[in-house]
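Chain B: place on chain A using the hints.
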Amino acid sequence: MFTSMTFASILPEILILTIGLLVLIFEPFWKEDQKRNAGWLTAGGLLIAMLLSMLFGRPGEPTEVLGGMIRFDWFGFFLKMLFMFAAAATALLLMDHEQVGKRGEAYVMLLAALIGMNLMASSADLVMLYLSIETASIPMYILAGFLVGDERSTEAGFKYFLYGTLASTVMLYGFSLVFGFSGSTNLYEIASALTAGSISPLLAFGVVSLIVVGLGFKVSIVPFHFWAPDVYQGAPTPVAGYLSTASKAAGFAVILRLFFIAFPEFTSTWTMILAVLAAISMTVGNLLALPQTNIKRLLAYSSISHAGYALIGAVAFSQFGAASVVFYMAAYIATNLLAFGLVMAFSRITGLEEVTDYAGLSRRNPLMGLMMLAAFLSLAGMPPFGGFVAKVFVFAAGVQANYTWLVIVGIINSIIGVYYYLNVLKYVYLYRLPGEDEENHPIPLTQSYTIALVVLVIGVILLGTVFGPFFNWSDAGALNLF
Amino acid sequence: MNFPILSVITFLPFVAGVLILLMPANRKNEIRAVALAAAVMDLLLTGWVYAQYLVNDLQGYQFIEKYTWLSIPPINIDLHFGVDGMSAPLVLLTGVVMFTGVLISWGNDDPHVMAGIQDRPREFFAFLFLLAGGVLGVFVSLDLFMLFFFYEIAVFPMYLLIAIWGWVKTREYAAMKLTLYLFVGSVVALVGVLAMYWTQYQNTGILSFNMLEMENAGFSTAFQNLWFLPVFLGFAVLGGIWPFHNWSPDGHVAAPTAVSMFHAGVLMKLGAFAALRVGVMLLPEGAHTWSWLIMTFAGVAVVYGAFIAFVQTDMKYMIGFSSVSHMGLVVLGISTLNETGILGAGVQMVSHGIMTALFFAVTGMIYDRAHTRMIPELGGIAKVMPFATIGFIIGGLVSMGMPGFSGFVAEFPIFMGVWREQWLVAVIASISIVITAAYIMMNIRKVFFSPMPEKLEGHISDVTVLDKVAITTLSLLMIVIGMFPAVIVPMVETGVKYIMNLLGGA
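Those protein sequences? They're chains A and B, same order as listed.
Everything in the first sequence is counted per the numbering used here, starting at 1 for the first residue and increasing by one.
Everything in the second sequence is counted per the numbering used here, starting at 1001 for the first residue and increasing by one.
The set of hints was computed from the structure by calculation and includes no laboratory data.
Any given hint might turn out to be false.
Unchecked claim - If the Cβ cut is set under 8 Å, some of the chain B residues that face chain A in the computed set are:
| hint | residue |
| --- | --- |
| 1 | Ala1051 |
| 2 | Trp1069 |
| 3 | Pro1074 |
| 4 | Phe1149 |
| 5 | Tyr1159 |
| 6 | Met1176 |
| 7 | Val1184 |
| 8 | Ile1479 |
Every residue, glycine too, gets a C-beta built ideally from N, C-alpha and C.
Same shape as in the complex, but just chain A (with noise of 0.2 Å):
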């Protein structure tokens, strides 16, 4: 039963759990300064399992294993190291934090959610996928809370607990209605029961759109985005930055897989409503974004329309469009944790977070300035930055599957993302502080946010320019959808 596959299989989130593990070991006997030490042996130690699951735990012809619990296929796996990668990012981010870096819990609430995560990429089983959602969330909701003195980091993760709860309460609703027409848990089995004619289409939408409920929350989509300007405001900068990342990839990885899997019956039904919660979504992210002066706030409308461009290659419902989803999230990733470590390396040394508050960073440090660039044409969907690259693949993707008019809705919306993102890059590069003495202010970055955001800059220059191996991967993985 319990196989060289089945220990593979599993590889890298044994390896979290001994690096979590560690970190609980250690912390207590470090002391006060050396506490942020903690986040080296995470990142280093996230890296190392990276490289040990790459060696060992690479996934051959899709297998099921754990008694059908866990899909063992490439899809999960580079999702996998995405999530790994972005947790190690901000294990890195998270060292200099004034209140979160040097306490222990942290970095393990991280590497919990991460394996979290990790599960919800490969489940293969309601069951299975629930739990892994659960496990995902409910260190979030701590991390997102963190500070405790803060009101607003209370209040994040109390409203994040609070929809949370909700949300994956109906999804298990709907899951529990699957379960009772079909007569099983596993995706695979669910498929082959639920055909054309077994349940009318109104039933169908029923149940679909229970589970988009729980689904759109962790993903952030409008209706269910209520959560995510509040959260990523209030919560440590770095934990917004791994919820608006990592989280969400884990979210349209379970979308790509529940829907693809177990629903291909049901295409017209699920594709009609995600096609209508992306134009949505995109529409209101980005209107809502404009007038946003707070950057977290910003960034998490930002978000919100991000999601909804990736949907499109996702209501594409085609091997392509998988893999469009998957490399617009490996993008996303890269560009989004470049964006808030950024945030977080400016607030941490001048303590503000509006947009006009960036006034002269070019020149208080002109490699901050070059980065912000990167990440904001990134996000604009700027060549040669990973996020162009991206955008064209899911608008590709639309247009093959003759979504055309949902890509005319991106189009305009790309638009109008152009105009708020470059708005902050007015700041960064052409006002001044008012006493233009910006030498006299420079922000300093540490060495851990250096290395973090240098990678990361890399990681968004490479995902725009030598984008074949990388969707190459993405495309492996999506053919195991099919």
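Chain B in isolation, oriented as in the chain A frame:
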């Protein structure tokens, strides 16, 4: 495998840009030296490509390079470069503008003359080179995805270049307006490009962005009629086509000198070129269907641009609107869809590129010294800046289409071509020649030869040696083309023949 000259030409500016960014910000002179070295190298390489094409009397696409970039069905993207008679001159033009642009932006430490770029030259040159690399990439790409990729790269540095180093009064507004206009145009074209990609697959089973294959994709007439306008107009926005020209003069006025030169000199050509290459060449039947509309737009642009330029008092606005008018001639030439007209359009792109670059260079030099560009406030420049004056006059003569200068070589075939299709348009458009002559001559008289206003007396010094090199380069090119049309016309003709084959087959 031959020397991959087109890749080197295209990627050299990117490499140079990154190198410059890595240099310490306070080593301004070293930064400028690296920029100049890269520009000279690229100029020599583009010149070599041009010379090869000319001397060996080549035809069709040459210097072809093809590397697979991404080959994962259903997406196939190649790094596929090549130049034909249409694009080789434009590649050289970019090299020339890059070279002169760097010279003009050199900057000096004289506090009275705010010439060139004093503030953060490192970032300036890096962004300028990104822009140049994007432009070159569009001219040489034979892969539609890559063309689009480089096209977008050419758009966004403009925002930064104008917003950071531009004219304080209008730069924010102008930069944002320009970026949004261009972005709207390009994404509209993108939908068309994607539709073409999948339709080609349905028709032929080929999954490729290769434009040479797409020419035979057998797009149905209905498809072509539907998508021609979005694609053509989407790209032509960057060519300043009326009624989407509004961003262009504002952008010119707000941009620093070298960026104005780039903008008018090559960026607007980028729009016309991409509209021709993607719109007309891949959707020829659509072009036949809609040529009347394009011709109307272009005809309006030619006349309207000239009239608006006539009433401007700001020199940069004047040149900006004259660019709209002259680029209107380019689009007018394309819209004829006959050999003569497109030939004229091809030559006009080069001629106008050099001419406006020169105009903006001289205007920039005057502004740096007089601190005003308002025509009524200027005068007597000829006495203190004789070299710049000669340059401006030569540019003026080209602009008016005087025989013996490149403008004539370009405009004459355009009007011939238009006459063959629709004589009325030719007659109306020719009004612009008169108007152009009027505003150019009035401008020369007032700015250069009227008595100098008192407050400018003693404040204006002559141009620097580097400026003189730039002016000479640009002026000579226009005279050479005018005197010896054989250096360019036969080459463009080979490109036109290829286009005519596609159009004739419709």
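Hints and how they fare:
For the restraint placing Ala1051 of chain B at the interface with chain A, the shortest Cβ-Cβ distance is roughly 31 Å, beyond the 8 Å limit, so the hint is violated. The criterion of a C-beta within 8 Å of any C-beta in chain A is met by Trp1069 of chain B, whose closest approach is roughly 6 Å, and the hint holds. Hint on Pro1074 of chain B holds. Least Cβ distance to chain A is approximately 5 Å, under the 8 Å limit. The interface hint given for Phe1149 of chain B holds, since its Cβ lies 5 Å from the closest Cβ of chain A, which is under the 8 Å cut-off.
Because the closest C-beta pair between Tyr1159 of chain B and chain A is about 6 Å apart, less than 8 Å, the hint holds. The criterion of a C-beta within 8 Å of any C-beta in chain A is met by Met1176 of chain B, whose closest approach is roughly 7 Å, and the hint holds. This hint holds: Val1184 of chain B has a C-beta 6 Å from the nearest C-beta of chain A, less than the 8 Å allowed. Of the supplied interface hints, the one on Ile1479 of chain B is violated, with its beta-carbon coming no nearer than about 38 Å to a beta-carbon of chain A, more than 8 Å.
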